[in-house]
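Peer 1: Take a look at the letters that make up each chain.
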Amino acid sequence: MKRIVAFALAACAAAACSPPRDASPAAAGPLPVVDLGAVDAEIGERLADMLDAVRQVPRDASRRGELGMALEVNGFAEAAMASYRQAALLDVEEPRWPYYQALLTAHRGNLDDALSFLGRSIERDPGYAPAWLWRGTWLLDLDQVEEASAAFARARVLGAAAAAAAGLARVALREGKPQQALDLLASFAAEERHPYVHKLRGEAYARLGQIDAARAALAKVDGGAGSFSWPDARSERKKRFEGSLSAKLAKLREQLLGSGAAEVLPVLEELRERHPHHQGLLGALGEAYRQTGRREQELAVLRHGLEHHPDYYAFHLNIADHYLRRDGSGDKYRAQAHLDKAIALNPEVDWAHAQRGLLLAERGRLDAAIASFEAALALDPANATVHYYAGMVEAARRRWPEAIARFQRAVARDPGFALAHAALDRALMEAGRHDEGKRTLKAAKRLGALVAEEEVAP
Amino acid sequence: MKTGWLLVGCAVLATACEDQEGAQPPSESPWFEDQAIEHGLDFRHVSGADGRFLLPEIMGGGAALADVDGDGDLDAYLVQSGHFPGREGRPGAVPGNRLYLNRGDGSFVSSPAAGADDRHGYGMGVVAGDYDNDGDVDLYVTNVGRNTLLRNDGGGVFDDVTDFAGVGDSGFGTAAAFFDPDADGDLDLFVVNYVAWSVGLERDCYDYGTGVRNYCDPGNYDAPSPDRLYRNDGDGTFTDISASAGLSDAAGNGLGVISADFDGDGRADVFVANDKTMNHLWINRGGLRFENQALLWGCAMDDHGIAKAGMGVAAADADDDGDVDLLVVNIEGETDSFFRNEGRYFVDATAAAGLGATSRRHTRFGVALADFDNDGRLDIYEANGRVAYSPEPEARDVFAEPNMLFRGLPGGRFDPVGYCGEPAQRRVHTSRAVAVGDVDGDGGLDLLVANRDAEAYLLMNRVSNRGRSIRFRVLTSAGRDAHGAIVSGVVEGIRRTRIVQTAGSYLASRDPAVHVGLGAAARIEDVAVRWPGGRREVYGDFSAAAEVELRQGRGAQD
Numbered sequence: 001m002k003r004i005v006a007f008a009l010a011a012c013a014a015a016a017c018s019p020p021r022d023a024s025p026a027a028a029g030p031l032p033v034v035d036l037g038a039v040d041a042e043i044g045e046r047l048a049d050m051l052d053a054v055r056q057v058p059r060d061a062s063r064r065g066e067l068g069m070a071l072e073v074n075g076f077a078e079a080a081m082a083s084y085r086q087a088a089l090l091d092v093e094e095p096r097w098p099y100y101q102a103l104l105t106a107h108r109g110n111l112d113d114a115l116s117f118l119g120r121s122i123e124r125d126p127g128y129a130p131a132w133l134w135r136g137t138w139l140l141d142l143d144q145v146e147e148a149s150a151a152f153a154r155a156r157v158l159g160a161a162a163a164a165a166a167g168l169a170r171v172a173l174r175e176g177k178p179q180q181a182l183d184l185l186a187s188f189a190a191e192e193r194h195p196y197v198h199k200l201r202g203e204a205y206a207r208l209g210q211i212d213a214a215r216a217a218l219a220k221v222d223g224g225a226g227s228f229s230w231p232d233a234r235s236e237r238k239k240r241f242e243g244s245l246s247a248k249l250a251k252l253r254e255q256l257l258g259s260g261a262a263e264v265l266p267v268l269e270e271l272r273e274r275h276p277h278h279q280g281l282l283g284a285l286g287e288a289y290r291q292t293g294r295r296e297q298e299l300a301v302l303r304h305g306l307e308h309h310p311d312y313y314a315f316h317l318n319i320a321d322h323y324l325r326r327d328g329s330g331d332k333y334r335a336q337a338h339l340d341k342a343i344a345l346n347p348e349v350d351w352a353h354a355q356r357g358l359l360l361a362e363r364g365r366l367d368a369a370i371a372s373f374e375a376a377l378a379l380d381p382a383n384a385t386v387h388y389y390a391g392m393v394e395a396a397r398r399r400w401p402e403a404i405a406r407f408q409r410a411v412a413r414d415p416g417f418a419l420a421h422a423a424l425d426r427a428l429m430e431a432g433r434h435d436e437g438k439r440t441l442k443a444a445k446r447l448g449a450l451v452a453e454e455e456v457a458p
Numbered sequence: 001m002k003t004g005w006l007l008v009g010c011a012v013l014a015t016a017c018e019d020q021e022g023a024q025p026p027s028e029s030p031w032f033e034d035q036a037i038e039h040g041l042d043f044r045h046v047s048g049a050d051g052r053f054l055l056p057e058i059m060g061g062g063a064a065l066a067d068v069d070g071d072g073d074l075d076a077y078l079v080q081s082g083h084f085p086g087r088e089g090r091p092g093a094v095p096g097n098r099l100y101l102n103r104g105d106g107s108f109v110s111s112p113a114a115g116a117d118d119r120h121g122y123g124m125g126v127v128a129g130d131y132d133n134d135g136d137v138d139l140y141v142t143n144v145g146r147n148t149l150l151r152n153d154g155g156g157v158f159d160d161v162t163d164f165a166g167v168g169d170s171g172f173g174t175a176a177a178f179f180d181p182d183a184d185g186d187l188d189l190f191v192v193n194y195v196a197w198s199v200g201l202e203r204d205c206y207d208y209g210t211g212v213r214n215y216c217d218p219g220n221y222d223a224p225s226p227d228r229l230y231r232n233d234g235d236g237t238f239t240d241i242s243a244s245a246g247l248s249d250a251a252g253n254g255l256g257v258i259s260a261d262f263d264g265d266g267r268a269d270v271f272v273a274n275d276k277t278m279n280h281l282w283i284n285r286g287g288l289r290f291e292n293q294a295l296l297w298g299c300a301m302d303d304h305g306i307a308k309a310g311m312g313v314a315a316a317d318a319d320d321d322g323d324v325d326l327l328v329v330n331i332e333g334e335t336d337s338f339f340r341n342e343g344r345y346f347v348d349a350t351a352a353a354g355l356g357a358t359s360r361r362h363t364r365f366g367v368a369l370a371d372f373d374n375d376g377r378l379d380i381y382e383a384n385g386r387v388a389y390s391p392e393p394e395a396r397d398v399f400a401e402p403n404m405l406f407r408g409l410p411g412g413r414f415d416p417v418g419y420c421g422e423p424a425q426r427r428v429h430t431s432r433a434v435a436v437g438d439v440d441g442d443g444g445l446d447l448l449v450a451n452r453d454a455e456a457y458l459l460m461n462r463v464s465n466r467g468r469s470i471r472f473r474v475l476t477s478a479g480r481d482a483h484g485a486i487v488s489g490v491v492e493g494i495r496r497t498r499i500v501q502t503a504g505s506y507l508a509s510r511d512p513a514v515h516v517g518l519g520a521a522a523r524i525e526d527v528a529v530r531w532p533g534g535r536r537e538v539y540g541d542f543s544a545a546a547e548v549e550l551r552q553g554r555g556a557q558d
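In order, the protein sequence lines correspond to chains A and B. Under my numbering, think of the first position of the first sequence as 1, with each following residue one higher. Under my numbering, think of the first position of the second sequence as 1, with each following residue one higher.
By construction, these hints were calculated from the structure, which means they are not laboratory data. Note that the structure is predicted; figures quoted are calculated from it, not measured. Honestly, I wouldn't trust all of these hints.
[Said to hold, decoys possible] Pairs of lysine-lysine, BS3-like flavour, derived with a Cα cap of 25 Å:
(1) K220(A) - K177(A)
(2) K239(A) - K276(B)
(3) K238(A) - K251(A)
(4) K251(A) - K276(B)
(5) K276(B) - K220(A)
(6) K248(A) - K238(A)
(7) K276(B) - K332(A)
(8) K220(A) - K239(A)
[Stated by the list, open to error] Short derived list, chain B residues pointing at chain A, Cβ under 7 Å:
(9) G70
(10) L201
(11) R203
(12) D204
(13) Y208
(14) G209
(15) L296
(16) A351
(17) Q557
Cβ coordinates follow ideal geometry from the N, Cα and C atoms, glycine included.
Bound conformation, chain A alone:
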């Protein structure tokens, strides 16, 4: 049954169609209209509680504002705007409410109004650097370059050095001053450079006609620069109102990546009680068990996942990985069966092809192993390890020219790959190319590869 909390929204016409304006606290007004049946039940309950809390103390700006935060992060942008507006009217000192109005309005494409809200927030707290960074960013998006420059400069004075420098570099590029942009970006230590900084440097070099330097900078952008964000404590505070399982899972996955499995595990187990078959949750739980060394529990969770999502390739991959790490009777065959299934479902995972190749090589099916390695390399031609694996198979077949070519590709892609250097040396020797072999051996030794003969013996 849908639960709709609807109250008269007497001021809605003005709110929807007029630019932002102040009004008296008495006009803070009724609660916004929210269809709680349109969201996850857990979120709906929480929002209903917050609506009740506001109803009990309708002139409490904090409650109104926090209701707005909860509404916003759970998908109710219009209702959130109404709540922020009411909070801002009830507490004319608090900078957060117009700040949140500004961010939400900007997201919805009205930067002029967003800047107006932001101006009010800055009036209330001129020392909050992220507000100036947003101001600079939005002014740039409105092509108001001089004002943007001033905003970024203000943010720099307030301590947001890196983000302000990036903003000022954008200003310089916009003004056709690529060298000035490079000078500003030079303040970033090389190891601290965000990919976005490399992107800006690459653009600056390209505009200066320094194409090689541009290519070198842009090569570091790799898979994408990503937004150059800055710490924003006010926005962070909204996250505690995130209520959906997806939001929670995203946060928990971040913690998992940060080696926080022990802390995450009990939370995931509790969530599983309410969502026992959720694909993403089971995947995350399996990963948490793996990271905490509970391999049998990991396997049980993954099997449960497969029961309910039999065609989800990642469960097959993770089960295969589980068996690959065991050494019991039949484990390798089980691993290969799951790899085969995963590849059939999604042939685009190079790791699966490579592992399948290794298993096939172990079983002496060398042609099939080479085919699997080729499939992996078609997806990631730069994978030195797979070139090395393929070389080892060719060496096992005593096909030295092919092995040499494979090992050469491995070392070309990873010059620090000592095992590949040593294997290349061995293959060259076997092929009678002793001088080349000696040179390669020297390279391997320079890399500190104290490689025992048997380690590289095909």
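Following the hints, position chain B against chain A.
Peer 2: This is chain B only, laid out in the frame that chain A set:
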């Protein structure tokens, strides 16, 4: 009950006075009027959505305007999606793609026996081009599943020649482009794939905010898909040269494609708009080899460093400086990306073009960069519709959003006309493809818009005080539309440059004829064509007219 009326009143008011930056006064008459039903277009798209939230359900459908029966007017082709197998109790079979023939006055009649219905997959998009140089327009349909090449027998009747031609890529096909990168006189084919996807690979995804079941973001699959380049072998068959051409160097979640000569070297390059992976700019190095230079050229991502959710794309000389600029449209919260060509690189000039704010509000798929008011400057139409669930929907269809219109201003700037200016009846659906062409031959560009799970729009141009115009049919010596040819001419002291192209937008194919708005001018002067390969011919001056043919070899050598 009173509360309910108040709420309804608010919604109507918000609609009527949507506070768009720079919106025109309400007195301005609408630019377009939806005349689909009146003009005989009764196509209704079916996504087949049945609660499984299968990714393709939110991505279709496609549309084309092309003269398939060779009678001089534009016919309409609409791509159907349908149902995926596996869900019991679903409705019966859905009609396939539909071809509608133009009666000559902009009204259409369905042509069900044309053999163009293509039921080989879940339909996505379409592109038109005369690949066999026989003087009639063929169609290439992209599907989730095998794509289909439909060969035109000359009278608007089609044969499925996919297997013979060897172009039946079976991925998640989205955009495609016919172009001539080796300038050998026949059209090669670039095919864009989205992600490696199948029903079995579908995942359970939930909206981050509301927690309700939703379509997955492409990143959930982590399976960017490689695109394909098919070389036309001149005998009705194609060869997949993707690897030797260099395309295997990069994969992305491709949704939009357009070909143009971005670096001005006379060779056709390709831009691919990718969804949350970096865009690709395939610069033609000659010998059918391409190099992805999107990062170096500054169009891989936007000014903020974000690989945006690239969907539709348009390429044109928007600032009248003679080179080809790019417009890529993106998802809600992200601006359009207007990449201004500076000869050796692009500048993200979205803000300078006036698109840095208003465009963020909606999720834009189809896009048309065309001169609707015939003032000589290109305008923008954007076909919108969400991919994410909203608990605060604009219509019964929770994905529906209003489409947007921007008027071109001098200097390559755009100003939103907003919703109040178009169309006459405010339509809110989940729009996808948009194809451009003058379907009634009145000198104003019309639009065919495909809507997910709804009827298509046929938006007839109703701009008041529209300027004069001229329409050039630019043909190779063999008599087919010269994809990639660049037409330029001087109107009141400004050289306007236009490209012959059918691909672009999203899942759409436009009229390849070149339309130039003349404003109040009576003529266009010093008309020249640069043909694929770089040769230039001059054709002289022309008065405003319905249609002028510019055939290769009949101009004066420049």
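Peer 1: Next, verify each hint and record whether it holds.
Peer 2: Outcome of the hint check:
1. Under the criterion of a C-alpha separation no larger than 25 Å, the hint pairing K220(A) with K177(A) is consistent with the structure, at around 22 Å.
2. Distance check on the hinted pair: K239(A) and K276(B) sit about 23 Å apart at the alpha-carbon level, within 25 Å; holds.
3. Taken as a hint, the K238(A) and K251(A) pair is honoured in the structure, with Cα atoms around 13 Å apart against an allowance of 25 Å.
4. As the CA atoms of K251(A) and K276(B) are separated by approximately 20 Å, the hinted pair is consistent with the 25 Å bound.
5. A threshold of 25 Å between alpha carbons decides the hint, and for K276(B) with K220(A) the separation of about 18 Å falls inside it, so the pair holds.
6. Between K248(A) and K238(A), the direct Cα distance comes to roughly 13 Å. Compliance with the 25 Å bound is thereby established for this hinted pair.
7. Between the alpha carbons of K276(B) and K332(A) the distance comes to roughly 37 Å, so the proposed pair goes past 25 Å and is violated.
8. Taking the CA atoms of K220(A) and K239(A), the gap is near 31 Å; set against the 25 Å cutoff, the hint is violated.
9. The closest approach between the C-beta of G70(B) and any C-beta of chain A is roughly 42 Å, which is over the 7 Å cut-off, so the hint fails.
10. Evaluation of the L201(B) hint against chain A yields a held restraint, the C-beta minimum of about 6 Å falling below 7 Å.
11. Given hint, R203(B) at the interface with chain A, holds; its Cβ is 6 Å from that chain's nearest Cβ, closer than 7 Å.
12. With a cut of 7 Å, the hint placing D204(B) at the interface with chain A holds, because the nearest CB-to-CB distance is about 4 Å.
13. With a cut of 7 Å, the hint placing Y208(B) at the interface with chain A holds, because the nearest CB-to-CB distance is about 5 Å.
14. The criterion of a C-beta within 7 Å of any C-beta in chain A is met by G209(B), whose closest approach is roughly 3 Å, and the hint holds.
15. The beta carbon of L296(B) is positioned within 7 Å of a beta carbon in chain A (closest approach about 6 Å), and the interface hint is therefore held.
16. Restraint check, A351(B) versus chain A: the minimum CB separation of about 4 Å is within 7 Å; hint holds.
17. Among the interface hints, the one on Q557(B) is violated; its C-beta lies about 33 Å from the nearest C-beta in chain A, farther than the 7 Å criterion.
The structure shown violates the earlier hints numbered 7, 8, 9 and 17.
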